[in-house]
Structures are given as C-alpha cells and as structure tokens.
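Student: Next come the chains, spelled out residue by residue.
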Amino acid sequence: MLTKRIIPCLDIKDGRTVKGTNFLELRDAGDPVELARLYSDQGADELVFLDITATYDHRKTLVSLVEKVAREISIPFTVGGGISTIDDVQAVLKAGADKVSINSAAVENPELIGKLAGKFGKQCIVLAIDANLVNGQWKVYTHGGRYETEKNLFDWAKEGEQRGAGEILFTAMTKDGTKDGFEIEANKKLTESLRIPVIASGGAGKINHFTEVFMEAHVDAALAASIFHYGEISIVELKNELKKQNVNVRN
Amino acid sequence: MKIAIIDYGAGNIKSVQFALERMGYSGFLTGNAEKIWSADKVIFPGVGEAQTAMEALKEKGLDKVIPNLKQDVLGICLGMQLMCRWSEEGNTDCLNIFPMDTLEFPAPLKIPHVGWNELEKTNSKLFEGVAPGAFTYFVHSYYVPLSDFTVAQAEYGFPFSAALVKDNFYACQFHPEKSSKTGEQILKNFLNL
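Chains as they are written, first to last, in the numbering used here: chain A, 1 to 251; chain B, 1 to 193.
With the rest of the complex left out, here is chain A (with noise of 0.2 Å):
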C-alpha cells in the first residue's frame, strides 16, 4: 500500500539552512547537505530545498549546493525558489534533483506549467502556493508572501492541475512557524477538489499534527521544518507514533 510521506523542507540562503517564523525572522539551522544526509538516514521519505535568496548569483551556489546533495542521498528531492525558466529547470534536474517546485513564476505566467510538464513530466513539476486567509478568502501569495495577489488558492490550484502539475505544496501562511497545527480545512478541500497529490505545510509542532492532517485532511504528505531542524521531534520517532495511530507510513 502507498504510505504517507514526511518531507523534510530545507530554507536555503546563502547556502544554509535558515529558518523563520510568518515567512521572517531567519535563524540558522545548519549545513544543508548535513542535514539532508541526516534526515535520509532517519527515513525522510523526500526532501525539499528551497532557496529563498534566489537572486542570479545565489544561483550557481544552489545548483552546486543541489549538486553535493543529490551525490549523498538516495531519496527524492524537489528543488524550488526562484524557477522561472526550462533552463533553471534543466540546470537543477542536471545536477540531479528529481522534481522542482514553482510559486511565483507560475502566478505571473501560468502557461510555465504546461510548457516545463511538457518537457520534463508532470511528476516533475511541483506547484507550490502560499496563501493566507484573507476576510474568510485563502488568496494566493508571491514572493516569497510578500505580495498579494488577486488568485484564490483553490481556484489555482484546480487551474495548475489541470495545466498539468503533478502535486500541489500548499503552504498555509498563517500557520508557517506557529507550530500550533497544519491547516485542516483548507487542505482537506483541496484534497477533495484535485486528483493529484496535496502536500501539508505550514504549522508543525507536534506528532499529533501530523496525524490530524493526514486522517482528517487527508493530505497524501506533509512538510515541515523547524521541528526536525531543532531536533523537537526525530522523523525515526515520528514515524513510530505515526504507525501506532494507524497512519500508514515507511519505516
């Protein structure tokens, strides 16, 4: 049977990994390639980096940064921040990442999605939102949530499936760093509306989280961060209680 992933998520700036909370106040985490190698031994299923300086220079370091790391570990991993072309697209594929997530760049061009699924896969391509509840409405988020924009979360994400996404990584804003719970009922109506694979962000802090959002949202994964950075709670632990609740997971 198909189990429920754990992704651990890696903020890179500058080639670290950094954390924060809303989106702010970084503080650093550690070297990612160590901690990648950390977390694919203690049964992460994927991983996911995503560069949050992505300016043209950082670019290089990512793609070596994504280099080094796909020679260590043997588990998937979906690079994302600041891919807005085939060739950003290539270049970290080159390097060896298996998927790669898109957010801004898909909200100012949508036809991006078709264009890269089509070249690459769909199981490639990873649409990544962040969207904060705005007056009762989850509107959609760029850069990194500093903008606002007129999209409603679930409208696009309906929109990036059929345009050909493979999963939908749905950050709740409000949530990103509180480590007081993922977003239930967002999510679960995303996962009743799509027929693609919903990833969890945004709210981690507990093991009971985890198994809230995979039995009442039924999300097909969950992400986070900070709590397997600080070493809060094990993914080795996680997994064990996660089993105990009936929560079909690897281990």
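Honestly, the hints are just simulated from the structure, not real lab data.
Cross-link-like lysine to any residue pairs, in silico, SDA-like; alpha carbons within 25 Å at most:
1) B/Lys110 - A/Glu161
2) B/Lys181 - A/Asn251
3) A/Lys94 - B/Asp7
4) B/Lys58 - B/Asp93
Note that the coordinates shown come from a computational prediction; the quantities given were computed from them, not determined experimentally.
Start from chain A and add chain B according to the hints.
Tutor: Relative to chain A, chain B alone:
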C-alpha cells in the same frame, strides 16, 4: 565493468549515475549506439512523457539498438514502459520487448502514484536479499498490468507490475536509484547478474 546509462535527453538520469558511484561503481551517460553495444551492462532510465521519449530514441536510432542488446539491460520507470508494446500515454508504439500495454491509472485513483510502496511477490534474482514488503519509491501515472513477465508487484487500487523480466531484459517501475538501501541492493543484484 562498463555500465552504460542511456542518455536520450529524458529526465534526471544523473541520479542513476550518482547512485552507482555511491555503491563504488561508475557508469557513463551515452546516447551513442556503439558505446551501448559494447557495454557490459546497460541501464535505460527515464522520467518524462512516452511519446516525446520514443521520438528521442528514434532520432538517435536507439529504438533499433535497445531491443537487440544481448547484455543485461535494466529499464527504470518510463524506461520500463518504453520496453513494452504500446503506451496509452500519447497513444505511443514502444519497443515491444515485453508484449504488454501500458495503461493510465483509472479515476478516482490519484495520479501520479507518488511515494513509497511495498514490493510483493518478488520472484527474481533482482530481489535477492530484499525482504518481502520492502519499500521502494514510485512516481508514475501509467502502469503495466500483471503478466507472465511480472517478477514483483505493488498495489495501488489494484496490483500492477513493479518489475518485469524476460531473458536479458530487466525492468522496474519504481526508482531503485531513489529507494535508499533497498534500491541499492536491487541495483547491486542487477550488476552482479
């Protein structure tokens, strides 16, 4: 040992090369027919879209090479599907090494089938030292039904072929190069055949 990894412009074939290196082997990426003919082992990886991939193979003349190889060949993911007769993806005629058709997972199953799934009913040297129920990583929207050539199966709504063998041709739907220790064991078994 000369290990050729067929490069026809599809997907992240680098990860196969890195996996071999971690295991102490070295493989070379090539789209050159002669180099493929003269290799000891051939790995035929691939992620991407069936029709585009078949066109790329034809352009390099590899559609005539691969089915006639005499050394051990390992197809991975799309590589396995291209080794079959036909694919529903893009209504594509494939290499016809395995006389089966590749079909799309029916609704309401989510596609792609992505993540770690258990290998069951393993029955090949490929799986020596691999415990029943071991997990490997899958990512695909199309599947090959069970057949006489199936040597491992996995379940997603129903059982489907996780691996196929016919003579010197081996194929797996999952990604051994991304399947942690289990995947490494399977690759090692292939290289030691």
